[in-house]
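Participant: Given chain A, work out where chain B should sit, using these hints.
2 protein chains.
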Amino acid sequence: MFHCPVPVPVGDRVLLGHGSGGKLSADLLRQVILPAFANPALDRLDDQAVVEVRGLRLAFTTDTFVVKPLVFPGGDIGSLAVHGTINDLAMGGARPLFLSAAFILEEGLPMETLRRVTASLQGAAAAAGVPVVTGDTKVVEKGSGDGLFVNTSGIGLVEDGLLLSSDQARPRDAVLLSGTLGDHGIAILAQREGLEFECPIESDSAALHGLVARLLAATREVRCLRDPTRGGLASALNEIAARSGVGMLLDERAIPVREEVKGACEMLGLDPLYVANEGKLVAIVAAGAAEAALGALRDHPLGREARRIGTVTEGHPGLVAMRTVIGATRVVDMLAGDQLPRIC
Amino acid sequence: MFHCPVPVPVGDRVLLGHGSGGKLSADLLRQVILPAFANPALDRLDDQAVVEVRGLRLAFTTDTFVVKPLVFPGGDIGSLAVHGTINDLAMGGARPLFLSAAFILEEGLPMETLRRVTASLQGAAAAAGVPVVTGDTKVVEKGSGDGLFVNTSGIGLVEDGLLLSSDQARPRDAVLLSGTLGDHGIAILAQREGLEFECPIESDSAALHGLVARLLAATREVRCLRDPTRGGLASALNEIAARSGVGMLLDERAIPVREEVKGACEMLGLDPLYVANEGKLVAIVAAGAAEAALGALRDHPLGREARRIGTVTEGHPGLVAMRTVIGATRVVDMLAGDQLPRIC
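Chains A and B, in that order, give the protein sequences.
No gaps in the numbering here: position 193 of the first sequence is 193 in the numbering used here, and each next residue is one more.
No gaps in the numbering here: position 314 of the second sequence is 314 in the numbering used here, and each next residue is one more.
Incorrect hints may appear among the rest.
Claimed, not checked - Restricting the straight-line Cα-Cα distance to at most 25 Å, the calculated cross-link-like pairs of lysine-lysine (BS3-like) are:
# : chain 1 : residue 1 : chain 2 : residue 2
1 : A       : K68       : A       : K142
2 : B       : K262      : A       : K68
3 : B       : K68       : B       : K262
4 : B       : K142      : B       : K68
5 : A       : K262      : A       : K68
6 : B       : K142      : A       : K142
7 : A       : K142      : B       : K68
Hints in this document: simulated from the structure, not taken from any laboratory.
This is chain A alone, in the form it adopts within the complex (with noise of 0.2 Å):
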């Protein structure tokens, strides 16, 4: 059985949960964006393109953003904005080089507020070390756009010999993840919505390009990462599982999520496997390197609480499956809808 998210058709209006990151994102992307591009690069589907100039290999990716609220908890748009595209590059294996900022301003946006986010996001490239070298500004009328919007993207280099992608998960390999779900998206609808907390949640924004770094310096067997940012670990598992034709087994015990952040979930009715999250990484890691891969990631601050939270299989491609705490088995799937709009 070959499962996947069966696809609907797109209709003649753009959705908001179109841009959840989920399985009307999929649908948008397969149907519209994907047939008028088609090519090899972009149709590996991976948060970045590698591609070849005289013999380096390049990493070359885009994110755009629209976060609201523009500063929150742990982080504002400008700092995201860095560790977002940063993390995609390393994703793909890449040393992080360069940075370019494009700003999208609407009229009446507070000077104080351009000023703040520019220097987050600067103050965000330079602790990553990572220049921003080119830029652009636009303004639009008042109710044209929302405050600010703010597109980052970056160039890096992929060692030779190196070659991590969503397609390359086999049967048997270990299932990592290098932190906590969920902080980012439950900090941001707390913002959003004035919810307070005992315990402030904050978002878990950060650059992973390090972490990575210590994990392919330990093990070369790493076969895909990904950041679960829109649509959360499930989305991102369920994408790797599609295009690498394996299925997956998780063991929800192993998956760590705070106690305040569970909370919150329950209390707004969210699983926590959809909620996005912006300084965490899923590694698909050879089952031999599993125990290298772990201690790599833990002796790295990002990494404190990784933990090995599932296996690749080799019955049900396409298929996440989720042993939960009370024992059962139950399909965890594409995020359908849009649970959490302009989350990042």
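Facilitator: Quick look at chain B alone, frame taken from chain A:
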């Protein structure tokens, strides 16, 4: 005398004019954006960064397109986004290699519009021989965007020894223009305002990398190339004059403007020197190479109407002057306000 527009404090809110490409844009850039990011590549203020990766000189650029309407005579936001970014690379002397495309869709956008724009973007990229290799799609709520915005970033390769930059103009250099002024801006404005002309005016939107290749094959004594987009020829030449510390003297009679564009400009109270172009370039070339350069430009379909329009001067650094058709001399300043918002 060093002539430079007097900087005015940017104020506490973003204005529509901050996106004009003229003086207000320069103020925003100098007072808010550049101080945040200050680094050598950005400070060159060219339309692209040239960075080195293991001995290769890569050009990297980003541009967001917010043009209104999305479809206009001679093109649409998709083809424009390809041409604009290819031209930013070509103005640095780079051979364009790869593009990214990132969309912000407003909820409710007709799917037909998205299909049309992506097809047009892909068509323009294919025609130019520069593939779109990576992308991103976000959706914002109805009222938080304006149909569709698109960012394209691009990577190009700069040959060894080539240095084109706005600080390279020298006294006695020739100022060459590849064709007529104002077609893009007037086409957009006519469409937006529902103006009708006997001869419909079409945007000149085109990819200029082939024209640049022809020019550089004929002479390497090119100092600087610019495509006069937002802010028009006047703003582009003012930036070069200021950055190179030189003056310029233009000859109004030599500057080609279509009769219908001239007429529309008179009717609308616009000066073609400040109207945006999307398929023209201005080249600053050593005096001795001017004839060869002009011949090379005219040899290419996109440079048939190329003219020498002026000379770089030693006196009045930073000042662009023009001998008018009636023999007087006027100062050609930077665009001061927001002549035409959302022109690209």
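Participant: Each hint should be assessed against the structure and marked as holding or not.
Facilitator: Here's how the hints hold up against the structure:
1. A/K68 - A/K142: holds, 17 Å
2. B/K262 - A/K68: violated, 45 Å
3. B/K68 - B/K262: holds, 22 Å
4. B/K142 - B/K68: Given that 25 Å is the threshold and the Cα spacing comes to 17 Å, the pair holds.
5. A/K262 - A/K68: holds, 22 Å
6. B/K142 - A/K142: This hinted pair holds, its Cα atoms lying about 14 Å apart.
7. A/K142 - B/K68: Since the Cα atoms of A/K142 and B/K68 sit roughly 14 Å apart, the hinted pair holds (cutoff 25 Å).
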